Every structure is written in C-alpha cells, then in structure tokens.
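Visitor: Sequence:
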Amino acid sequence: MDQPDASFLTRLGKGLRARWGGASPEVEPSPAAMPVVLQAHADKITSAGQAMLQVRNGDHVFVGTACATPRALVAALEACKPRPLDVELVHFLTDHAVPHDEQGRCISHYRHRTFFVGQDMRAAVKQGLAEYVPMSIARVPGLMAIGRIAVDVALIQVSLPDEFGYVSLGVSVDVIPAAVAKARLVIAEVNPAMPRSMGDSTLHISQIHQLVLVDTPVIEFVHPAASEQAMEQIARYISGIIEDGSTLQIGLGRITNEALKHLVDRKDLGIHSDVVTDAIIPLLERGILTGKRKSSQVGKIVTSFAMGSRRLYDLIDRNPLFSFQPIEVVCHSATIAAQHRMVSVTQAFAVDLTGQVCVDQLHGDYYSGMAAQIEFLEGASLSEGGKPIICLTSTEDDGETSRIRAMLQPGEGASLPRTAVHYVITEFGIAYLFGKSIRERAVALIEVAHPKFRAELFAQAQALGYLPPGQTLHNMRAYPVEEEQRVVLRDKREVLLRPATSSDGEAIRALFHCLPEQDVYTRFFRKVRGLSNKEVQRLCNLNFETEVAFVAAVGSRENAQIVAQGCYFVDPSTNLAETAFMVHPDWQGCGLGSSLQACMVRHAKARGVRGFLAEILPDNEKMIKLARNGSLQVSTEPTLDTVRVTTLF
104 MDQPDASFLT
114 RLGKGLRARW
124 GGASPEVEPS
134 PAAMPVVLQA
144 HADKITSAGQ
154 AMLQVRNGDH
164 VFVGTACATP
174 RALVAALEAC
184 KPRPLDVELV
194 HFLTDHAVPH
204 DEQGRCISHY
214 RHRTFFVGQD
224 MRAAVKQGLA
234 EYVPMSIARV
244 PGLMAIGRIA
254 VDVALIQVSL
264 PDEFGYVSLG
274 VSVDVIPAAV
284 AKARLVIAEV
294 NPAMPRSMGD
304 STLHISQIHQ
314 LVLVDTPVIE
324 FVHPAASEQA
334 MEQIARYISG
344 IIEDGSTLQI
354 GLGRITNEAL
364 KHLVDRKDLG
374 IHSDVVTDAI
384 IPLLERGILT
394 GKRKSSQVGK
404 IVTSFAMGSR
414 RLYDLIDRNP
424 LFSFQPIEVV
434 CHSATIAAQH
444 RMVSVTQAFA
454 VDLTGQVCVD
464 QLHGDYYSGM
474 AAQIEFLEGA
484 SLSEGGKPII
494 CLTSTEDDGE
504 TSRIRAMLQP
514 GEGASLPRTA
524 VHYVITEFGI
534 AYLFGKSIRE
544 RAVALIEVAH
554 PKFRAELFAQ
564 AQALGYLPPG
574 QTLHNMRAYP
584 VEEEQRVVLR
594 DKREVLLRPA
604 TSSDGEAIRA
614 LFHCLPEQDV
624 YTRFFRKVRG
634 LSNKEVQRLC
644 NLNFETEVAF
654 VAAVGSRENA
664 QIVAQGCYFV
674 DPSTNLAETA
684 FMVHPDWQGC
694 GLGSSLQACM
704 VRHAKARGVR
714 GFLAEILPDN
724 EKMIKLARNG
734 SLQVSTEPTL
744 DTVRVTTLF
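Following our numbering, the numbering of the sequence shown begins with 104 at its first residue and continues without gaps.
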C-alpha cells in the first residue's frame with residue numbers, strides 16, 4: 104500500500120490545530136496532494152470543525168473507545184459556536200477527550216452517558232454532568248440495535264483505507280460496529296499511525312460519511328508497576344492456580360497484569376479477553392501463548408480492544424495471530440464457557456462475608472465499571488477447569504479499613520451477586536466460596552482478611568448469626584503457599600501436601616467417615632462415631648504456632664478430596680510436639696504417611712521444635728514404624744496401654 108504523504112499530513116495537522124483553536128477555516132487540500140488511497144474519497148475529507156457543524160440539537164453522539172478515542176473530533180465539538188443544544192455524548196471508555204480545568208473540574212459543554220467511570224469521567228459524574236450506566240458493556244450493542252441506547256452520530260478513529268476501500272478499526276473494535284450501524288452520521292478520524300488489526304475489524308469507507316485526517320500517535324497506555332507487596336503476593340496466588348493450557352482474560356487491573364509475569368513456566372496458554380495489554384508480550388516472546396489448547400480459534404489471540412504501548416500496536420499491525428472482534432462476540436457467556444480452562448480475574452473494592460462484591464464504587468463514588476466481568480465470571484464458572492477469580496488487597500490504601508467487610512457499606516453496590524462468586528484472593532490467601540454455606544463463606548473470608556481485622560470480623564459474623572456459638576478463630580497469619588508441595592507416591596499417584604485451613608473441615612470429616620473402625624480407634628484411642636464441629640476445628644482451625652496441621656489433597660482446588668491429615672501440638676514445657684495422623688484406606692501403603700510426616704518434620708524443624716512424640720497402640724505396627732522413621736534419634740518406651748515413640752531432630 105502506498106504510504107501517506109508526510110508533508111501533506113503535517114500541513115493538514117497544522118491547519119486542523121489552527122481550526123480547533125478558533126482560527127479561520129483552512130483551505131481544503133487538493134486531491135492531488137492526498138495519499139493515493141484517499142484520492143478517490145476526496146469528497147468525504149473535511150476538517151474536524153466543519154464536520155462537527157453537522158451535529159444537530161438533541162443528537163446522541165457516540166465517542167470511540169480507549170486508545171482510539173477521537174480526541175480531535177471531541178475537541179472540535181466542544182469548540183463549536185454556536186453549540187448544538189441538548190446533545191448527549193455516549194461512550195464506554197475515553198482518554199483525555201473530556202476537558203477539565205486546572206482544578207480538575209470537568210468543563211464539558213455537553214451531557215455524558217458512560218458505561219465506565221474512568222479518569223476522564225470521575226469529575227463529570229460527581230458534578231452531575233455525566234450519568235453512569237451500570238451494565239455489562241457486552242449488552243450495549245444489543246440495546247443500540249433496538250434503539251434503547253440512541254446513537255445519531257458516531258465519532259470514531261480508523262486507519263488509512265486499503266486499496267479496496269476498507270479501513271481498520273485498529274486497536275478498538277468493541278462497540279463501534281454497533282454504533283456505526285445505527286448512526287445517521289459517521290465521522291472518522293483517519294490516522295496513518297493506527298495499526299491495521301486483523302479479525303472482524305474492518306469497515307468499508309462507504310459506511311463513513313466524513314473523514315478528518317489527523318497526524319498524531321495512537322494513544323499509549325502503560326500500567327504502573329504493582330509496587331505494593333500486597334499486590335505482588337496476590338499476583339503470585341493468582342498465577343499459582345493457573346494451569347498449563349488455560350485460556351486467560353487479561354482485563355485492565357494492575358494485579359491481573361502483574362500475575363502474567365509469574366506464568367513464565369507455564370505451557371500453551373491462550374488468550375480470549377475483552378482487552379489485551381503489553382503484559383502479553385513477554386509470554387509471546389517466550390513461546391508460552393501458543394493457544395494450542397483453546398476450544399475455538401485455536402492459536403489466535405482473541406480480543407476486542409487493546410490498550411498498550413507502540414510496541415504492542417506494532418505487534419498487532421497486520422498480524423494474523425490477533426483476531427479483533429466486536430465486544431458482544433468476544434464477551435458472550437457461551438463463547439467464554441466453551442474455552443478450555445477459562446480464567447477470568449476481576450479486581451474488587453470490597454467483599455462482604457456472604458460473598459457479595461462491589462467493583463464499581465469506592466467510598467461512595469462511582470469508579471471504573473462493570474466492563475464485561477459478569478459474562479467472563481459466568482463463562483469461566485461454566486468452562487471445564489475454569490477459574491472465576493475476584494481479587495483485592497485486604498485493606499484500603501491507608502491500611503486502616505478492611506476490604507473484607509461484615510456487610511457492604513452504604514454507597515457500595517453489590518455489583519456481583521454472592522451466587523456468582525467462586526475464588527476470592529487477597530495477599531493473605533485464597534477463599535473458595537461457590538457452593539458453600541454462609542457459615543463456610545464467612546469462615547473462609549475471615550481467614551483471608553488482614554489479621555488485625557479478623558477478630559472484629561469474627562465477632563460481627565457471630566452477631567449477624569453467620570457463625571454458630573461453638574465456632575473458634577485461631578489462624579492469624581497469611582496462607583503460606585510456599586509450604587505447598589506436590590508429591591509423587593510409590594504407586595505414581597500425585598498428591599498436594601499443604602497447610603490445613605479452616606475451610607477443610609467438611610473434607611476432613613468426610614475422611615474420618617472413610618476410616619475403618621479399627622483405624623478410628625487407633626487414631627482417637629476410643630470408639631468415635633462422628634466428629635462435632637468443635638472436634639473438626641481442632642483438626643484444621645489452628646494457630647500454626649503451637650498447633651499445626653497439614654493435609655494431603657487430590658482433585659481440583661474447587662472440589663478437593665482430602666485423603667490424609669497430620670497434625671502436631673507443641674508442649675511449651677518440653678518443646679516436643681505430639682503427632683497424630685489419619686490416612687484414607689485407599690491411600691495406605693503407598694508412602695503417603697511418610698511424605699506427610701516428612702512435611703511436618705520440615706515445618707517443625709524450621710520453628711525450632713525439638714522433636715515429635717507419638718502415643719501409639721502396641722499392635723499398630725505401621726504407625727510405630729512411621730514414627731520411628733522421623734529421625735535417627737528415636738526412643739521407644741512402653742506404657743500401660745500404649746507405646747511412646749520419641750524422635751529428636
């Protein structure tokens with residue numbers, strides 16, 4: 104394709120800037136001076152100021168999205184004299200298109216209707232100049248199609264046309280096709296810097312009524328580094344549960360983008376996301392984003408818009424690896440659900456103890472928006488092996504207010520219902536809520552709250568009736584994910600050895616009921632037919648200082664089966680710890696007990712415990728052998744009813 108005449112664009116740019124500043128109209132360029140690809144469309148080319156004169160009183164004007172925001176057109180509309188009356192600007196996410204004064208107040212001359220309260224809109228919403236519509240952006244095209252969201256004029260930004268007369272919507276497809284389809288008048292900034300994205304991202308120039316040439320770099324957006332230790336830890340937790348072959352939604356959250364840095368050891372990841380950012384580039388360079396295991400558009404990076412640096416835009420330009428699609432196509436719940444191991448991550452501002460989530464209000468002010476998170480969370484929940492994740496720091500920026508709340512506060516809408524929430528991740532661990540009772544949810548969420556707020560949350564949960572009177576609270580630390588260990592046993596089966604959490608209670612009770620009567624007696628020294636809630640908590644709700652428990656789990660994190668449990672309790676007077684084990688009968692004799700004991704020994708040694716002490720029935724030869732394997736310094740002492748085995752580290 105012929106390249107544009109740079110000197111022509113420079114001259115035209117100067118003329119347009121003069122027009123926006125209120126100077127007299129410039130002379131229209133002659134067709135001979137235009138880029139070859141535009142000469143056939145010379146009758147459509149005009150200045151931004153002239154184009155905006157066609158906006159009528161009462162028009163609903165759609166403004167293109169994010170890094171393709173048509174700033175020149177919006178600036179010209181703001182500068183119109185006389186200004187059209189009762190005009191409403193409709194948009195998803197704009198970037199520095201809405202004028203503000205030096206004090207940060209919005210000084211737009213028009214009303215705005217927005218589906219996302221970004222930096223451009225926060226002051227306008229607070230001042231009453233803009234209305235926030237809390238809905239999924241994926242539903243907007245449908246409402247445009249039936250006229251529930253009116254669009255009379257569409258202002259967009261596109262690439263230069265190709266030799267066939269097709270322009271590319273470039274880095275923002277999103278809702279633009281729907282807006283263009285309904286608009287009486289379509290005005291496009293034509294920018295030679297706009298990359299030509301592949302996929303369903305083209306528009307024939309016959310669908311555009313007027314063209315305004317601009318000579319500006321495409322807007323760049325770079326995430327600031329997640330410098331806070333809490334965000335870094337959350338990112339590590341998120342990455343830790345993403346498996347090989349997963350399909351990822353990126354999103355715009357800082358934590359989400361940080362999590363991608365920790366996926367460098369994964370294989371065959373794919374992308375199906377409303378937006379892509381620079382965070383995908385290192386994974387592409389390492390050959391990790393192959394998309395081989397995607398269920399549709401195998402190998403393709405499927406998205407609807409991009410927000411990143413020029414480096415990302417150059418990568419997108421004419422690259423068939425990328426498939427840009429309208430937002431309603433990318434963000435359809437059924438399409439998302441069909442993806443292999445779909446992972447969706449949503450950053451939240453607050454979560455209450457029942458699992459209700461606020462994602463679009465902060466201290467009562469509207470902030471950000473729903474985007475397409477409802478569809479992605481639902482799709483990920485229905486995807487085989489999918490993971491819908493909510494993440495947030497445990498406290499607000501001042502560190503004095505918990506984001507895990509007994510109840511959402513006034514001014515915090517329940518953007519996501521408790522019924523839709525699966526994973527909730529803070530820097531203190533991972534809570535899994537789906538299918539859990541109110542009691543189980545409250546216990547799990549308190550366990551990932553900041554330790555200094557756990558006692559208060561616990562008391563509030565009891566007052567609200569979420570927790571039974573016998574419930575206790577012991578664990579005041581972050582979940583130590585570094586202590587997780589995958590072990591392959593002698594029979595080649597694999598288990599995850601990890602610290603027990605209070606949420607393991609029901610799984611431990613299920614393990615107990617799988618034990619033969621003899622195993623129950625050798626574990627508890629009495630005939631036990633069931634475990635009370637207090638007894639279950641004694642096996643998993645521990646302080647991990649003097650009371651420690653590990654479990655062996657198999658299956659997915661969402662539906663894990665605990666096949667063994669081991670615990671130790673330290674006697675401060677001797678600094679020896681008494682141990683006890685339960686192992687599922689189907690998992691005995693394969694080395695699981697030894698692996699679990701070795702895990703506990705490492706943990707106890709690191710905390711300065713002198714050794715283990717086990718009281719074992721004389722005929723329980725397997726447990727005596729297991730206890731003796733814990734150390735080279737072993738003493739065995741028969742007592743009246745048991746054998747006491749002491750192992751020193």
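None of these hints come from the bench; they were simulated from the model. Quantities reported herein were computed from a predicted structural model and do not represent experimental measurements. Among these hints, one or two may not hold up.
[Unchecked claim] The list that follows gives simulated cross-link-like pairs (lysine-lysine, DSS-like), each with its CA atoms no further than 30 Å apart:
no.: 1; residue 1: Lys403; residue 2: Lys539
no.: 2; residue 1: Lys285; residue 2: Lys147
no.: 3; residue 1: Lys708; residue 2: Lys725
no.: 4; residue 1: Lys728; residue 2: Lys595
no.: 5; residue 1: Lys285; residue 2: Lys370
no.: 6; residue 1: Lys403; residue 2: Lys370
no.: 7; residue 1: Lys370; residue 2: Lys595
[To be verified] For each label pair, taking beta carbons as the anchor points, the in silico distance ranges come out as:
no.: 8; residue 1: Thr319; residue 2: Gln206; range: 23 to 33 Å
no.: 9; residue 1: Gln621; residue 2: Glu487; range: 16 to 26 Å
no.: 10; residue 1: Ser676; residue 2: Glu585; range: 28 to 38 Å
no.: 11; residue 1: Asp265; residue 2: Gln153; range: 53 to 63 Å
Using N, Cα and C, we set each Cβ at its ideal position, and we do this for glycine too.
Visitor: Now tell me if each hint is right for this structure.
Guide: How the hints compare with the structure:
no.	hint	result
1	Lys403 / Lys539	violated, 36 Å
2	Lys285 / Lys147	holds, 20 Å
3	Lys708 / Lys725	holds, 24 Å
4	Lys728 / Lys595	holds, 22 Å
5	Lys285 / Lys370	violated, 43 Å
6	Lys403 / Lys370	holds, 15 Å
7	Lys370 / Lys595	holds, 22 Å
8	Thr319 / Gln206: 23 to 33 Å	holds, 27 Å
9	Gln621 / Glu487: 16 to 26 Å	violated, 40 Å
10	Ser676 / Glu585: 28 to 38 Å	holds, 30 Å
11	Asp265 / Gln153: 53 to 63 Å	violated, 26 Å
Checked against the numbered hints given earlier, the structure breaks hints 1, 5, 9, 11 and satisfies all the rest.
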